[in-house]
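Residue numbers (the numbering used here), protein chains in the order written: chain P, 1 to 640; chain F, 1001 to 1251.
Since the hints were made in silico from the structure, they are not lab data. A few of these clues could be false.
Said to hold, decoys possible - If you want a taste of the chain F side facing chain P, the calculated C-beta under 7 angstroms gives, among others:
#: 1; residue: Glu-1019
#: 2; residue: Ala-1029
#: 3; residue: Glu-1031
#: 4; residue: Arg-1139
Stated by the list, open to error - Here are the in silico distance ranges between beta carbons for each label pair:
#: 5; chain 1: P; residue 1: Pro-629; chain 2: F; residue 2: Pro-1133; range: 37 to 47 angstroms
#: 6; chain 1: P; residue 1: Arg-490; chain 2: F; residue 2: Ala-1172; range: 53 to 63 angstroms
#: 7; chain 1: F; residue 1: Arg-1235; chain 2: P; residue 2: Asn-106; range: 50 to 60 angstroms
#: 8; chain 1: F; residue 1: Asp-1052; chain 2: P; residue 2: Leu-162; range: 19 to 29 angstroms
#: 9; chain 1: P; residue 1: Thr-192; chain 2: F; residue 2: Ala-1135; range: 42 to 52 angstroms
#: 10; chain 1: P; residue 1: Thr-192; chain 2: F; residue 2: Asn-1168; range: 19 to 29 angstroms
#: 11; chain 1: F; residue 1: Ala-1172; chain 2: P; residue 2: His-342; range: 49 to 59 angstroms
#: 12; chain 1: P; residue 1: Arg-490; chain 2: F; residue 2: Gln-1006; range: 53 to 63 angstroms
#: 13; chain 1: P; residue 1: Gln-548; chain 2: F; residue 2: Thr-1091; range: 28 to 38 angstroms
#: 14; chain 1: F; residue 1: Phe-1209; chain 2: P; residue 2: Asp-165; range: 45 to 55 angstroms
#: 15; chain 1: P; residue 1: Ser-456; chain 2: F; residue 2: Arg-1090; range: 21 to 31 angstroms
#: 16; chain 1: F; residue 1: Pro-1130; chain 2: P; residue 2: Arg-490; range: 50 to 60 angstroms
#: 17; chain 1: F; residue 1: Ile-1242; chain 2: P; residue 2: Asn-106; range: 54 to 64 angstroms
Note that CB positions come from ideal geometry on N, CA and C, so glycine has one too.
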Amino acid sequence: MIGAGLAGERCAIEAAAAGHSVLILSLVPPRRSHSCAAQGGMQAALGNCAKAEGDSPDVHFLDTVRGSDWGADQEVARIFADTAPLAVRELAHFGVPWTRLRPGINRYHIKGEQVDVDEPTDKAGLIMHRDFGGTAKWRACYAAAGTGHATLYAVDSQVVRLGIDVLDRMEAIALVHDGERCHGAVVRCLRTGRLETILARATVIATGGYGRIYGGYTSNAVINEGMGAVLALDTGIVPLGNMEAVQFHPTGLWPAGILVTEGCRGDGGYLLNAAGERFLVALEPEKQELASRDVVSRHMMNEILAGRGVDSPNGPHLWLDLRHLGEEHLTTRLREIYEICHDFLGIKPWEDLVPVRPTQHYSMGGVRVNKDGQAYGLAGLFAVGEAACWDMHGFNRLGGNSLAETIVAGRIVGARIADFVTRAGPGPDAALGSAELKAQEQRLRDLAQRPAGGRSLYQLRDEMGEIMMNRLGVFRTGEEIEAAVRDLKRLLQEAGSIGLRATAPGPNPELTYALRLPGMLRLALVTAEGALARRESRGAHHRIDYPQRNDAEWLNRTLARWLPGAEGPRLSYEPVGLLDLPPGHRGYGASGYVDLDVSLEAYNQRVAAAQSAEGCLETAEPVGSSLRPGAWRGAFSAPN
Amino acid sequence: MSQAAQRTLKFEIFRYNPEDPASKPHMQAFELQETPFMSLFIALNKLREEQDPTLQFDFVCRSAVCGSCGMMVNGRPALACKTLTSQLERTIRLHPLPAFRLVGDLAVDTGSWFRGMTERVQGWIEAKAPFDPDAVEERMDDEVARAIYERERCIECGCCVASCAVANTRPAFVAPAGLNRIARFMMDPRDRRKTGDWFEVFASDEGVFGCLGLMACQDVCPKELPLREVYAYLRRKSLTGILSRRAKPAT
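With the hints as extra help, turn the sequences into a complete structure.
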C-alpha cells in the first residue's frame, strides 16, 4: 500500500481483515497525511435532520452525476451513493465523534435568512448533517470542521489495533512490472536515502492528488505532488484519466491558499464583493452561495476580473462573511475555521471579514482504474482515493464527496484486492525486482554526476506553478494552453540537466526533490495537453473559446499515456461509462449545452468494448451490474 | 495589517545529519530578509532553497492541522508553520524537539513515538459488539460528542511531550498526549472498557501520578487543549478505581 491517508488505510484494513499480510508505505506518519486537513464534512444520505428529509442514495446519485457535469462513470457514482451511509456508520463504530442531532428548535442561516427549524425528537442523537454546495438535501456528516482529522485518527487507530505495519518516511520511486503484471515497487528511505525493493502480489497507489503542480496556488499539502500518478505514468502502459479536470475551491484563504471549508457557506456564510454585495444572489437565484464549486469559482473570478474585487498588495480578492454566524457557532461547529483565521490572519471571524479567492484544491483526474479499483493494463496494480480516477467525480467533485469516496472505495477496493491476492497465481518475480532496483540506483548515480549550475529546482517549480495557475486555472483558452505546453516542455528539458548542489549522504532533501520535479512536470504537461485537446467546457474545465458543454463530441474520458522516450503524452478517449441519468441541465451554472447525437442505448452499447480496448481489465461482476437503471426516477424531480 | 520596516533576521539553527559520519552537532547561523506575514514555514523553505539545500525539517499541511512541524523556537516548543517571524525577536534560535529520536537537523521521529504510545494505551475503540451493517448508528448526545471531540483535537505534534520534564527524563511516561488519549477513549460510551481495565496504564507513575503538575504542556499546546481538566478527570477516575479495588474481597 503506497500512501497512508484515509483511502489507503481503509483499503489496508479490508485486506488485512481478510487475512492478508499488508505493508503500508508513507511519506509521513499516517496521521500527518493530507486527509487530516479535510474540514467540513462527508456526504452520506442518512436523511437524519429536518432539512435532509426525503434524502436517499438515489438523490445523492443524482447530485453526484449532475455535479460531475455528466463526466462521471454513473455505475461508480451509484455504488458510491449506495455504500456511503454504511461506510459513515462504520466510522461511528470506529469512534468518529460525529456531530449529533439536537432535537427541538435549532436556529440556522439559510439563503440569507435566519430560520428556526424544529428537529425531530425521534432522530435525537443520530448523526447530524450540514448543507454543502450542489446538493438537494443537507447530507454532509461532520465533526465540527475537523472531519478529516477525526476520521483519519479513527481509521488509523484501527490500523494500529490490527497491527498493520506502516513504514513512514518511505517513497516509492518506480513500479516493478513485466508489462502485464505489477510485482511491487522500488522505494527510497527518506531517513537514510537507501533504496530497496518491496515485492507484492498486489500494489496499491493511494498517494492523493497532484495539486502541487500549481506551485503555491493550492490548498494542498506540500506532499501532494502526484508521485503516485507518476509511478503509473512511467510504466508507459497505465493511463491517467481526465488529468485536465482540476478543481478550484472558491474559498482559499488569500494569499496563503489555506482551505476555508465549504461548510462555512453551508452553515450560512456569504460571499461579498468590494462593495459589500452578495453578488451570487442575482447570478444563482436558486443555489446562491451553494452552487457547485466550479460554478461558484467562475462567478468569483468574473467578479474579480470585472474590477469588483477587494484590492490588496497581493492582488484582488473577495470576502467571506461569517459575522452573522456568531462566536458560539464559529468556536464550536466551525472551530477550525476560527483557528485558521486567528493563527494566520489574526482576526476574529465573528467581527471581521475573511479574505478569500479560488485556489487549486482537488484532482479529479488520476490513475485510471475500473470499478474494482484495478489499474488499466497492469494486473496486480490498484489505485484508490484522490490518486485514482475511479471515476465518480467526472469534471467536478461535490464538496464532501471525496472524504466519503476514500472510505467507500477503500472498503470496496480493499475487498477486491483481497480476492485478487487469493486468486493470484505465482508470487512476485524477485529477479525483476533486483533489475528495477539496479536501474533506479543508476538513475540516482546519473543525477549525482551531473554538474551543478544553472537555475535551481525550486525556481523551475515556481515557474511551473505560475504557468499552471495563469494558463490552466479557472478560465482557459487554446492560445494560453498552447503557450503553457511550450513552456512546460522547455522546463522539462531544463529539469533533465539540472545538477545537485548538495552531496551529503542521507535523505538529502534536494535529491528527493530532484527525483520528483521531472515527474511533476510530466503531470503538468499531461494536464495541459488534455485541456488543449478538449474543445468544450465541462465542470471545472472551462474553455473561454469553447464555452459550451458538448455531449455530441466530448461525453468521454481523456486517457493519457507516456510512452518510453516520448516528449509528451499520447491521448486517447473512452466513453464515460454506462449512462443512466441522461445528460441535461445541472440546475445551476450555464443552461446551454450541445446534446448527445446518439440514443442512450447506442452510447451504452459501445461502452464495454471501448473501455476494454483501452486496457480496462475484467471486473469481478459484469459492467453495469450495480447500476440499478432508473432507480432514481420519482425519487426526486429537480434540485431544490 | 501592514508591517513597519522589514528586518534582517538572524537564524541560529541546530545542524546534525546522523547519516553523515563527517557531521557533528553544531549551530549554524543564517541571515534572511523578513517579508510581510513571514512564517517559519516560509523562512525555512527560503533558507533551504536559497542558502543551504541540505537543511532538514518537516512540513506537510502548513495550516496547523497535521502536527508535522513541531520544533523548539527560542527554547519553546511550537508549530513552525503558524509561528510568524513578526512575533519574534530578530535572532531566532531553532532546535529539534527533545524527547524524540532525531532524523536530522530539525526533523524528529514523532511517528514512531506516537504509534508506540497508541499501542501502549490501546488508543482505539474496543467495540461492545461487531459492526452491524444493517443497524442505524448508536445514538449519542451531542454534548457527549462535543466533549469527545474536544479531546480528539490533539494533532500529535509532540510539543507537550517536548515540554514535559517527566517525559524528557523518564521514557516510560505516557506523557500529556498519552494521558489525553486515555481520557478520550475512557469517556466514549461506545467503548466497552471499564475504568478498571485502564487502571494499570494510567493510575501509576507512568500515568497520571507521574505528572509533576508543572503544566508546561498546557501552556505550549498549539491546539490549546485543556490538559489540566484531563488530568483532574483521570485522577478522579483513578480514585474511583482504587476505592473499587479496596472494596473487593481479598483472594
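Structure-based check of all given hints:
no., hint, in the structure
1, Glu-1019, "holds (3 angstroms)"
2, Ala-1029, "violated (19 angstroms)"
3, Glu-1031, "violated (19 angstroms)"
4, Arg-1139, "holds (3 angstroms)"
5, Pro-629/P to Pro-1133/F: 37 to 47 angstroms, "violated (25 angstroms)"
6, Arg-490/P to Ala-1172/F: 53 to 63 angstroms, "holds (58 angstroms)"
7, Arg-1235/F to Asn-106/P: 50 to 60 angstroms, "violated (36 angstroms)"
8, Asp-1052/F to Leu-162/P: 19 to 29 angstroms, "violated (42 angstroms)"
9, Thr-192/P to Ala-1135/F: 42 to 52 angstroms, "holds (48 angstroms)"
10, Thr-192/P to Asn-1168/F: 19 to 29 angstroms, "holds (26 angstroms)"
11, Ala-1172/F to His-342/P: 49 to 59 angstroms, "violated (36 angstroms)"
12, Arg-490/P to Gln-1006/F: 53 to 63 angstroms, "violated (34 angstroms)"
13, Gln-548/P to Thr-1091/F: 28 to 38 angstroms, "violated (60 angstroms)"
14, Phe-1209/F to Asp-165/P: 45 to 55 angstroms, "violated (33 angstroms)"
15, Ser-456/P to Arg-1090/F: 21 to 31 angstroms, "holds (27 angstroms)"
16, Pro-1130/F to Arg-490/P: 50 to 60 angstroms, "holds (58 angstroms)"
17, Ile-1242/F to Asn-106/P: 54 to 64 angstroms, "violated (43 angstroms)"
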